[in-house]
Amino acid sequence: MLMDFGDALNLALREEMRRDPRVYCIGEDIVLGVPFGVTKGLLDEFGAERVLNAPISEAAIVGSAMGAAMTGLVPVVDMHFADFVTCAMDEVANQIAKSRYMFGGQIDCPLVLRMPYGIGRSGGGHHSNSVEAWFVNIPGLKVCIPSTPADARGLLKTAIRDPDPVLLFEHRGLYRLTGEVEDAETLVPLGAADVKRAGRDVTVIATARMVHESLEAARRLAAEGIEVEVVDPRSLVPLDRATLAESVRRTHRVVIAEEGPMRGSTGAWLAWVVMEDCFDDLDAPIARVAAPNVPIPFSPPLEAFVTPTADNVAAAVRQVMK
Amino acid sequence: MLMDFGDALNLALREEMRRDPRVYCIGEDIVLGVPFGVTKGLLDEFGAERVLNAPISEAAIVGSAMGAAMTGLVPVVDMHFADFVTCAMDEVANQIAKSRYMFGGQIDCPLVLRMPYGIGRSGGGHHSNSVEAWFVNIPGLKVCIPSTPADARGLLKTAIRDPDPVLLFEHRGLYRLTGEVEDAETLVPLGAADVKRAGRDVTVIATARMVHESLEAARRLAAEGIEVEVVDPRSLVPLDRATLAESVRRTHRVVIAEEGPMRGSTGAWLAWVVMEDCFDDLDAPIARVAAPNVPIPFSPPLEAFVTPTADNVAAAVRQVMK
Amino acid sequence: MPGPDALLAMYAGMLRVRLFEERVRELFAGGRIPGFLHTSVGQEAIAVGAATALRPDDYVLSTHRGHGHLVAKGGSLRGLMAELYGKANGICHGKGGTMHIADVSVGYLGANGVLAAGCVLAPGVALSIRQRKSGQVALTFFGDGAANRGPFHEGVNLAALWRLPVIFLCENNRWASTTATGLSAAGGSIAARAAGYGLPGERIDGNDVLAVHAAVGRAAVRARAGEGPSLIEAATIRWVGHFEGDPQAYRSRDEAAEGRRTDPIARLARALEARGLLDAAAAGRIRAGVTAEIDDAVAHAEASPLPRPEDALTDLFAHYPWRD
Amino acid sequence: MPGPDALLAMYAGMLRVRLFEERVRELFAGGRIPGFLHTSVGQEAIAVGAATALRPDDYVLSTHRGHGHLVAKGGSLRGLMAELYGKANGICHGKGGTMHIADVSVGYLGANGVLAAGCVLAPGVALSIRQRKSGQVALTFFGDGAANRGPFHEGVNLAALWRLPVIFLCENNRWASTTATGLSAAGGSIAARAAGYGLPGERIDGNDVLAVHAAVGRAAVRARAGEGPSLIEAATIRWVGHFEGDPQAYRSRDEAAEGRRTDPIARLARALEARGLLDAAAAGRIRAGVTAEIDDAVAHAEASPLPRPEDALTDLFAHYPWRD
Ligand SMILES: Cc1ncc(C[n+]2csc(CCOP(=O)(O)OP(=O)(O)O)c2C)c(N)n1
Ligand SMILES: Cc1ncc(C[n+]2csc(CCOP(=O)(O)OP(=O)(O)O)c2C)c(N)n1
Ligand SMILES: [Mg+2]
Ligand SMILES: [Mg+2]
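Residue numbers (my numbering), protein chains in the order written: chain U, 34 to 355; chain A, 34 to 355; chain E, 255 to 578; chain B, 255 to 578.
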């Protein structure tokens, strides 16, 4: 069936909440599904016990999710905007990520943090950030970042069933993107990259919104006779290194596209991974597409300037083809 | 004069507090200099107005520092352990890092966050983390990471005089390391890497404690006829790319050594930087030394296992020499 | 009790905030202003009662709903409107926008996209005030919802502990987005939390500009006397959506109606009329004057240039010659 | 009022904590135990008064000073001591150590190296209790210093708002490391903060195990009845350094002396003697029994193997077949 990214997430929540009574949702204004509608209507089907509107207390929302997860429930936290995970950073980085390990495996911590993120609509400096790189750097967390409605649904379902904490980065620019979603319940495994477009000349490794920008760039470049392969890792932790390497060994040229800031971001790390696995296969330096190292500005021309697009991807591809 | 790393930081604080009455220190238990002694004795010289023992309120400690910095003071915050910056992450990532930019340059935010960090003495999962990679990924922050008493003093002085926020990562395993420190007031500029040992065969880029592990490895490898150059960036933001590239263009082989976890860390990013600047100069894949992707365990043999050492650096050098 | 001129200034001040916000809403609806917009229509008495009780050099820290606080503090309408438009000559060069406006020249240290952030910034501003012996105060606005975040606790405790010149002014407009205050603040009272820190806390009618002015005035005197911070909870009503475009499914239409019945501007107008300080003609002149100011600000913003795209790279650091 | 057996169990329980902690201190001084060590010598009445007022299946969340809480909750001394030694068969396989001990089998959900962390974990534990209709309660310990962190505010507010079965038990031992409570908690009272959330808050004598037992018992009844959380501030004295090796320059020797004068163990002993429930011989037998348990735990720990270094890579995820 055709549905949008937000509805696909909503479907995944419904399916998992029906399947497992331990699953509940918590967050600010989730009963009415503000701001992105993902949790809309859940209250009617599952009741107030399982759809909890919390006060503006990110540390308590995330911390309580861990307390519940340690003792038998499966919380799905809506961070409202990923930017606000800063208000619960200790709970994520020191508590959730570390407890299974520090306690010698005594506890499961099956929870999901839904992280709406990304640039767009002049959200400004506090509502536009890509912070996934911080969590890739924190051992004990799994990190997913879907680009299509089907992947969003499948990854969220898998994340909810995972016995360990999973962060799901949902680009807010994708919520109204429609795509084909299986009628049957379909899971997408973690650690399984997906080749969104096959091509022989260049491998573009892209996440979330940048997958679509890369596909657009690929269409344009095809007209110039350049065949671009677009590989979407879908989960960063675990990372499907095999699929990435297999593609690079065929194309010998790599572009890595993300929306986060250039410095110290996931793209820099992915470049390292590719180099580690495929150094001798590379015919050109890896090129990267990312935002410049500034906060996200408000004014449309400024915001547009820092937002990576198909143009940037196309330019990067041409560069590695030189 | 010969002094240890902690005393060199203490000296820098005294020198800067004498020079500029706007400078003050704030943190938990800093009057008695607990736990690392860096702020010891400052109260006697500068009084309670400028040496503030704060309650256990990291968000208020860091947030108030920004409020003071915006309005004419120069706070030096002692984070106690860098691990606890998670308790003030919003203040650092969304407030301090972004305000000059979001406000169109209306304010200066001259503050320093002193970040005691690192593995050692069975500190365990909440007192041993290397979190500098998160801040390298946040535009608007400068990040220093000294390895010697002289650099510690010089960088802290420069950081205090900088009109923008600077994080200084102080490896807690270095506080009692002694070294030569100039009698005269000496500043170390940001963005100036330092070649701690010259060598023709391999460039080892290392930070903080790993500089010393790398020097030890270099001594051992010299006996095998391998001449290792050890380059200490000293500041990660800004980064002295020129000095790194200059070295790599001579040696054609690179090892990057840090104490943080492998995945998504500063070493991965530095590997990207080297590749961007020197791809055609590399005769071998870059090798990295870092901790495995786990929290830091308590038990001595486990802690030792995850702690990068000279052995790891030597092994990495031999690998790139193959 | 403020004198006639001061009362008339409050009246004009509230009208300026009201008409400014209503114009901003129109401009947003008309696609002239981008962003996630939160306006303070109905809450003008708090912004104006507070600003008029402070010295021009006192500081305020604001929120995501901060236009009115800046207008009341005396910020340039031209600079503010141009910023909301995202123009190059806006107060933040278009980098901040609605949730990140700042105008240090009038002591307005910034709106904030993160709730309750000002609660921990304010004690630091107060530290610098004390160090500089400037006799200023730092007032931070925050909402009933924001009062449930940790920084409220840490900031109030620190300010109380160190007797810092801070005023914590909570605008309780009954809602945090879709969530009623009673469903987010245990105990139901923000003011009651003050006692736990040994502080005075009072709940006032936030639709009575004189009550706000008096309460903030008392808190400012206390702060300047070195007696420490105060917590004020001002009850008010948000007439409009939480953000522009909010369907407001969570509340009944009656509430907006109740707001209009208790309109702080009409209320002050009646008081002024009763004392013979205002009549229809004078009211008309004031409105005309304020409208002219806003027309001018809009004309200025419309005529102003957008920033050059590459200006996105400026203003990050005071000085940064390095290549990244 | 607990019966004779219960009273004797409390006496033995406090003695077990005391002797365990003192042994740990010796072992640390002797270089047998690594890490940053915080012991609870002098604070035994709180750990034991609380644990004996709870059901075995109730949960506790602990702190950096948590050995005593686990001993009192009935954790295996062998498993605990082996963990403090960093041995492979410690309760956390040597991965946790002093600040991260956990023993889920007795409802002890973990010590914590981050102050006040338990204040936000506990409401979630209570949510699962409610969902499972298990009638358990979740008690979180925290210190007077930790009470100044944001999570205290957010956790108490959430638990109060949702009437969750949580007990917030503050161990006020007058100091947060080198910082006196009066210099960190504005108003000077943690208990007084409860009122702001519409909660009962009481300050009790934390050196009176019966007072602690009674207060926690009342809070547990209230929690199980669905009436919500309670905040208890138990005043006590830390006899020893904040951490092992603390020179304690910040306080006078008198305080430790005062601690010994108000020793909770001697105090209960006197009460038991007065009621003819304890005499020197019986006291000797109890001490001998506890000492034997601790000797056994030490012998077990000494004899246990250290983990294999590569075991540092296990226990991160339930299942992780991927290459990083
Ligand atoms: C830390 C944080 N959490 C969540 C949000 C999203 N958010 C923006 S406004 C708002 C409601 C705020 O309510 P209140 O504090 O009462 O202020 P009001 O909007 O009523 O003026 C929320 C949840 C945010 N901006 N910051
Ligand atoms: C969030 C955080 N900040 C700082 C520290 C460092 N620290 C460890 S114990 C301690 C004092 C704690 O005082 P209190 O809460 O009263 O507990 P007590 O040690 O007295 O039992 C401090 C500051 C920490 N562990 N966590
Ligand atoms: Mg509100
Ligand atoms: Mg204490």
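Simulated from the structure, these hints should not be mistaken for laboratory data. Glycine included, every Cβ here is placed at the ideal spot set by N, Cα and C. Certain hints may be false.
[Said to hold, decoys possible] No farther apart than 20 Å at their CA atoms in a straight line, the calculated lysine to aspartate or glutamate pairs in the DMTMM-like style are these: (1) B:LYS387 to U:ASP310; (2) U:LYS355 to U:ASP316; (3) E:LYS387 to A:GLU309; (4) U:LYS355 to A:GLU215; (5) B:LYS387 to U:ASP316; (6) A:LYS355 to U:GLU257; (7) U:LYS355 to A:ASP53; (8) U:LYS355 to U:ASP234; (9) A:LYS355 to U:ASP53; (10) E:LYS387 to A:ASP53; (11) U:LYS355 to A:GLU82; (12) U:LYS355 to U:ASP314; (13) U:LYS73 to E:ASP500; (14) A:LYS73 to B:ASP549; (15) A:LYS355 to U:GLU82; (16) U:LYS355 to A:GLU309; (17) A:LYS355 to U:ASP234.
[As the list claims (entries may be wrong)] Output of the computed footprint for chain U on chain E, the stretches with three or more beta carbons under 8 Å from beta carbons of chain U: (18) 263 to 272; (19) 476 to 482.
[Said to hold, decoys possible] Label pairs and their calculated CB-CB ranges: (20) B:ARG577 to A:THR342: 21 to 27 Å; (21) E:ALA434 to A:PHE312: 54 to 60 Å; (22) U:GLU257 to E:ALA557: 39 to 45 Å; (23) E:GLY452 to U:LYS73: 40 to 46 Å; (24) U:ARG154 to B:VAL358: 42 to 48 Å; (25) U:ALA348 to B:VAL358: 53 to 59 Å; (26) A:THR211 to B:ARG505: 47 to 53 Å; (27) B:ALA557 to A:ARG209: 32 to 38 Å; (28) E:ALA468 to B:GLY328: 43 to 49 Å; (29) U:GLY80 to E:ALA468: 45 to 51 Å; (30) A:PRO325 to B:ARG478: 16 to 22 Å; (31) B:VAL358 to E:ALA434: 33 to 39 Å.
These are the hints, each one checked on the structure:
no., hint, in the structure
1, B:LYS387 to U:ASP310, "52 Å, violated"
2, U:LYS355 to U:ASP316, "10 Å, holds"
3, E:LYS387 to A:GLU309, "52 Å, violated"
4, U:LYS355 to A:GLU215, "51 Å, violated"
5, B:LYS387 to U:ASP316, "63 Å, violated"
6, A:LYS355 to U:GLU257, "41 Å, violated"
7, U:LYS355 to A:ASP53, "54 Å, violated"
8, U:LYS355 to U:ASP234, "12 Å, holds"
9, A:LYS355 to U:ASP53, "54 Å, violated"
10, E:LYS387 to A:ASP53, "17 Å, holds"
11, U:LYS355 to A:GLU82, "62 Å, violated"
12, U:LYS355 to U:ASP314, "16 Å, holds"
13, U:LYS73 to E:ASP500, "15 Å, holds"
14, A:LYS73 to B:ASP549, "41 Å, violated"
15, A:LYS355 to U:GLU82, "62 Å, violated"
16, U:LYS355 to A:GLU309, "15 Å, holds"
17, A:LYS355 to U:ASP234, "31 Å, violated"
18, 263 to 272, "violated (count 0)"
19, 476 to 482, "violated (count 0)"
20, B:ARG577 to A:THR342: 21 to 27 Å, "23 Å, holds"
21, E:ALA434 to A:PHE312: 54 to 60 Å, "59 Å, holds"
22, U:GLU257 to E:ALA557: 39 to 45 Å, "42 Å, holds"
23, E:GLY452 to U:LYS73: 40 to 46 Å, "44 Å, holds"
24, U:ARG154 to B:VAL358: 42 to 48 Å, "46 Å, holds"
25, U:ALA348 to B:VAL358: 53 to 59 Å, "54 Å, holds"
26, A:THR211 to B:ARG505: 47 to 53 Å, "32 Å, violated"
27, B:ALA557 to A:ARG209: 32 to 38 Å, "34 Å, holds"
28, E:ALA468 to B:GLY328: 43 to 49 Å, "59 Å, violated"
29, U:GLY80 to E:ALA468: 45 to 51 Å, "46 Å, holds"
30, A:PRO325 to B:ARG478: 16 to 22 Å, "45 Å, violated"
31, B:VAL358 to E:ALA434: 33 to 39 Å, "37 Å, holds"
The structure does not agree with the numbered hints 1, 3, 4, 5, 6, 7, 9, 11, 14, 15, 17, 18, 19, 26, 28, 30 stated previously, though it agrees with the rest.
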